[in-house]
Amino acid sequence: MKDWIKELESPAERKWEEFYRNRHQHDKRVRTTHGVNCTGSCSWEVYVKDGIVTWELQATDYPLLEEGLPPYEPRGCQRGISYSWYLYSPIRVKYPFARGALVDLWREAKKQHADPVEAWAAIQSDPEKRRRYQQARGKGGFRRITWEEALEIVAASTVHTIKKYGPDRVVGFSPIPAMSQVSYAAGSRFLSHLGGTILSFYDWYCDLPPASPEIFGEQTDVNESADWYNSRFIAVMGSNLNMTRTPDTHFISEVRHAGAKLTVFSPDFSQVAKYADWWVPTNPGQDGAFWMAVDHVLLKEYYADRETPEFNHYLKTYSDAPFLVEVRDGRPYRYLRAAELEGYADVEHNEWKLLVWDRERGPSMPQGSIGYRWAEKEKGKWNLEMKDGKTGAPIEPELSFLERHDEVQQLAFDDFAGERTLQRGVPVRHVQTRRGRVTVATVFDLLMAQFGVGRGLPGEYPEGYDDPQPYTPAWQEAYTGIHRDTVLRFARAWAENGLKTGGKNLIIIGAGVNHWYHNNLMYRAGIVGLMLTGAVGKNGGGLAHYVGQEKVANQASWGSIAFALDWGMPPRHQNTPSFHYVHTDQWRYERGSKDYDKTPGANEHHTIDHQIRAVKRGWLPFFPQFNRNSLELAREAEAAGARSEAEIVGYVVEKLKKGELKFAVEDPDAPENWPRVWFIWRGNAIGTSMKGHEFMLRHYLGTHSNAVAQEWAKDEVHEVAFREPAPEGKFDLVVDLNFRMDTSALYSDLVLPAASWYEKHDLNTTDMHTFVNPMQPAVPPVWESKPDWEIYSLFAKKVAELARTHLPEPVKDVVMLPLQHDTPDELAQTEVRDWWKGEVEAVPGKTMPKFRVVERRYTEIYERMASLGPALEKNGVAAHGLKIPVAEEYRALKEHQPRKSEVLGGVFPALEDGRQVAEAILRLDPVTNGEVAYRAFLEEEKKTGLKLADLGEKNRSVRITFDAIVAQPRRQLTTPTWSAILNDGRAYSPFTLNVERLVPWRTLTGRMHFYLDHEGYLAWGEHLPTYKPRPDVTMLLETEVTEKEAKGRLMNYITPHGKWSIHSTYSENHRMMTLSRGGYPIWLNDKDAAELGIRDNDWVELYNDNGVFVQRAITSARIPRGTVFVYHATERTVGIPKSPLRKKRAGMNNSITRARLKPVLMNGGYAQFTYFFNYWGPTGVNRDTWVFVRRVDRPEY
Amino acid sequence: MNVRTHMSMLFHLDKCIGCHTCSVACKNLWTDREGTEYMWWNNVETRPGTGYPTGWEDQQFYQGGWRYDGRGGLSLRLHNKTQGLTRLFFNPALPDLKDYYEPFTFRYGDLFTAPEGDDQPTARPVSMITGEPMEIETGPNWDDDLSGSDVYARNDPSLEGLSEQVRAQLEEIEGVVFNYLPRICNHCLNPACVAACPSGAIYKRGEDGVVLVNENKCKAWRMCVAACPYKKVYYNWSTGKSEKCILCFPRLETGQAPACAHSCVGRIRYMGVLLYDADRIPEAAMVDDHDLVETQLEAILDPFDPEVIAAAKKNGVTDDWIKAAQDSPVYKFVKEWRLALPLHPEFRTMAMMFYIPPLSPVMSVVEDRALNLALDTSGPEFELFADLTKARLPVRYLANLFSAGNEGIIEGVLKRLLAVRIFKRAESVDGGLNDATRAALDEVGLTPETAEAIYRLTTQPTLDERFVIPPYHREASIEAWNDPLERKGQEGFGYIQPPVRGE
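Residue numbers (my numbering), protein chains in the order written: chain A, 1082 to 2278; chain B, 18 to 520.
Any given hint could be a false lead.
[What the hints assert, rightly or not] Restraint ranges, calculated between C-beta atoms of paired labels, are given here:
#1 B:P109 x A:A1093: 35 to 43 Å
#2 B:D459 x A:R1104: 50 to 58 Å
#3 B:A497 x A:S1170: 42 to 50 Å
#4 A:E2277 x B:E181: 26 to 34 Å
[Claimed, not checked] As a list, the in silico DSS-like pairs of lysine-lysine whose alpha-carbon atoms are at most 25 Å apart:
#5 B:K115 x A:K1096
#6 A:K1931 x A:K1975
#7 A:K1460 x A:K1878
#8 A:K2168 x A:K2128
#9 A:K1471 x A:K1458
#10 A:K2225 x A:K2128
#11 A:K1109 x B:K505
#12 A:K1736 x A:K1460
#13 A:K1130 x B:K234
#14 A:K1743 x A:K1927
#15 A:K1175 x A:K1736
#16 A:K1096 x B:K352
#17 A:K1471 x A:K1397
#18 A:K1397 x A:K2028
#19 B:K407 x A:K1096
[Unchecked claim] Over the 10 Å line for every Cβ pair with chain A, so calculated as not near, a few chain B residues:
#20 T38
#21 P132
#22 T147
#23 G165
#24 L176
#25 G257
#26 P267
#27 E311
#28 V412
#29 E492
Hints in this document: simulated from the structure, not taken from any laboratory.
Ideal Cβ placement from N, Cα and C applies to all residues, glycine included.
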């Protein structure tokens, strides 16, 4: 050996090595996780030394799934492992803080008024005082206060608002319960008892894929990431797995080595593109066009040119393809109903049972339609067995009338991109109905015509793949920028893979697609490609939508606790996109969807008018509900002689019919209709997620704003009261519970220190894996912070205390509810008729919203919060329309954690702290209690008439307790509250229960839908999968003012998920700031940048009428030309300079966006188009945004 | 034969997510204190790119590693012994702050304390060195995810030898690409840092090959910083000592993988024992560039060979370490399957961390103003197997990184990776091997059994299969200077004080 290789084995000299050994020693390791808004649900071990959290590393003890699947360990990413920095960081909220101007006013008012509620009223009744602290919002001046003072302000403002305006003016926002279920439930349970309004998140974040309820009748149901490994062809679209599913990505890299092909669709060379075999850089927002052409090829080559028995069988069994659609006025119209046929005239719910064409007998009524689901007489036929629901005869449905038809009719198909209508021949048959002869086609034949597969039929069909007519490979080139040969190559490989593997074709899809205005159409185009290759409901196949889709696995039990259903009260659930669109007055700054959404006929109405009608028809919720206090209204009804709930409701309906009572949504700018008190917890409602952030600053908070947009709505609206000027500063009080000073905290009136994820008990689940993970304290809550459950308990105690003076007696509250998904309300409306126009009788729960009368006991609010209520013992838990009895579990829980309440007069299971709540959730839910799961299957057997309980038999004795999940991650059980069979280590793949056991989807036909026959869909031209062009800058009216001062280029602004944060969390974390560029960079194509005179790391200003954003640039050829990227959810707290253009502090990523609602998604009261919280409704799209881009000199701070 | 044991890490770059979880794990454990702010013992680079510190591979500039004169002479590029003495106080090859970065933070506290004003307060960026407001100009991962950049990617020293046409394509949509390169100390067999240290403070541990800077002996000469061609020794400005990746030896000694490997959520890292012949080091480092990989692999010994086992035992290697060497996943990838390579073998330090080069997507071409995959439509399932020139990551580039320019070695690795994929696809989709599949395996010299073994270790390994950590027998090591029973009562009370500047 040469002497330069020194080895030292002198033991004494190596004693120094303990320098590092000592650092590595620690006192304790604690299993917990991060309750951040991601879908990781990673099990972590937190290392504690000297009572200080020093670092964290991943736990690695996940049980293995079935043989041949890679292990899940380790889970946890760069963000999660940076968390320990936050605990003791200078951005940590250690004490309660309040806006100084408000504190002064409050203390002054308290000197005048001993009663806190009166003190609050005094401030609110003085416009000057209100203005004083509202205009100070976000401008510094925080003051540390005591918990006692903070609680008094919270309770006083809450009680004042309930008394003066009604409880629905108290609103709360907290996103994604799954990440910390107990903490979410703390606030939602408090608000539910109060009668407050709970704002949705999944739709507002634009994470809800409306195509899923459209096609599957399901909010979202996806493959756990281990199931990717079962796939053999994966198409990743608009989903940057490395960034957003970091702990799952290894399954992608690994399955390639198992022989899977991987195609990545992404306009930029993204992090996930590096794994691809084929990277297909479709133009931004054009994935739909690509898939329309793929579907064209699939239909042509696997259905028209030849018959593929496997695919045909799949379509007949699991899709609506064989169902009969009436043809009317030269267009496809509605499904033909069994009620129309003499033979089925006596069948229950025959308006809701649809027909197929049996080869021998003609029109026949198979089981499984929604009419069977809500059967009262004929139960047990809600299943996918292809037999006649009346006679029991087996049905052999015809997919197509091509071979045998009565005639070929030329029908109209809309080409929205070409702005024309195409006449294409469709084979039809005639059916004799009770109203005469009717012409019908199968959905399958309509699909062929829509996609332009001619099969020799006459009409405007393309001549071949090279004919650029809808929807050929040549047609899509103009939109996607991708060559037709690539489409062909892809489509054939896709089909062959599906055929050879029995449907192991997987689409992984995300926000890159879902955030566009027409996301539902893009998704549908892709899902069609899955259905045509038999891929949905197969392990390794189907649609894996990954955008904020965190799953509360224990939904059934958790929902009861979170929304106080255990006390028998319906919560006020509000769809947030509508709420913010209306209340932040963003509707005033546009002319409505007609500017940017194309429909076959005229679309004359402003979005706000559609919104108002949707509320009045019972399609969507809206709070505040009336222009009156709902408590007063009940009091008034009783004074007028109403005795029962029905009579009070009758009184209210009469008032509405006479116009003596108005819906608040009809006049949202009237002071009596403003929301007043806003609780924000676990989320960044003012910052990150607020599309139209600058409008919110103006109209909600009454503070500074960088919006310069003009108002456009005045002469365009019909049903809304247009008040001038628009009000500023609607909210009296904004309260934020937080562990860090984020943008929401910075703009709130009260900032309360919340215990973080290493300091409390909670539960955490996801749909990326099937384990249940705990949170538990590694150290006690630091400084003066408290767990959310404790904070809301303190709120409840203080409200109860003030209620003894102000609301001492039980009061009645009239609660308005929309027609509800997974209830018989799904059968409410076969047609759209307006009661206020006299087109139909006003019938609550049928033609208009439902009303319930609830008794509120504000003095008992804490007692009820802390006690699991008796309604649960009686009613059981429920999910997806399935009620599951849990009386035994309720009683066992009462033994295990009893709570005696003098006030309530009895003993109840205790919910006094987070640990107890977690235990209750686990005990009462089928995914963690095998006996409950077994009973759930017995209930499902009754509904379907299928044998299912065998799926639960093996696990009947399993009880997953909190101690069990602390010891090791534990896997969820198979239950009918979800759609996959998990037994024996099978990976979760959605709808395997449907495909293998013939349980229907929760849709109109009980099958997956190609066709959507609601009147609203026909009017919107979205009855068939289609392509609509992207809204273009000229349609959006958000650059009209800035255009005049513009010095820069107009570019499309895209905000994908970032690498150095989970939404805004971690983004200002020192570790992440250091590993990125110490800011929130603006990504530009290198050539675009050069043309704009922008070099890497130059300061750049992005601006439009909505607001302004200033950050430093990164230039790269990996970004497509004409597009500017900013990784979304930036904070405006850290390192934000002033805008050279507007002279004020520049904003955040949503300063330059705004919310635009798609009216077709407001449809309701009809099968799968029936409202449910976070499940259905318009979404908060934000991709279709245009900004001016210009270089600026180094700006000022 | 002088058999020694080495703990080596292997990085499967085809699986790397580029998430930097490893970097943060390391920072949390080891370099989260004054003087270490800018140290990233583990970092992850986007390639093509310039890395950290900027352009570290450019030895014309940094003067790291060894120079071979082609005639049996190997010398430090930095200086020879005499020059070393004369340059003690003048070391022009040291990276300075602009090559690293000025550590920054923000005045977060201002968000709480700002008085009410007429605009929103913000937390300004400030220097962690001066505490003064600063503009952030660079950072430890500045060119993250930044392919196709004319400022960074284009200046990657490893693009040397690529044609102008290929280089230009890397800046266009048809060819743009990137991959990731995680880096820790290579714990080299022929470490330049050890050779360059005037104080004799750096040593390579006999039992596992870990290279350490003795914090008590270091005298702040910083020759190690300059001599390391990987720039993985850092100078702690607070203690006045150099520090570097310690391969988490306190974790290894207790049977745990290093924190970076443990936390690797891409599951790309493997850890295991290699046996090597220390006598072969000089000759292995003194061959032509083209042969460097081969000679290094020859120095790595077969743990199943009875002669090797006998020689190992003679050198005091215990049975359980020999067993660990036989179970070592690193041995399989590096030696048995020839899939893993050292980083920049031309630096001639004989890096003992190994990398499996990554696959990349097929290139595109513009036809009729539409983008088309550059495919021969009649080709096999994974087209690159037939034509590696269509891979977005140029073979030449990977050869510059991992085989001192030897493209044949890279082609062999990539084709073996692809052949395993072809094999597994045939098996799981087509119902078994067909002639084309067999031909693909034959072409790269793999049997179905070997392909299956590669597949399994690539995709399925559990924690214990990824990290085969031998028993360290600390009691036996401690016994050399203390009675283990006594030590039991003394553990943690400490023998040393933390390093002190100037001592």
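### Query
Hint by hint, which ones does the structure fall short of?
4, 5, 6, 7, 12, 13, 15, 16, 19, 20, 21, 23 and 26
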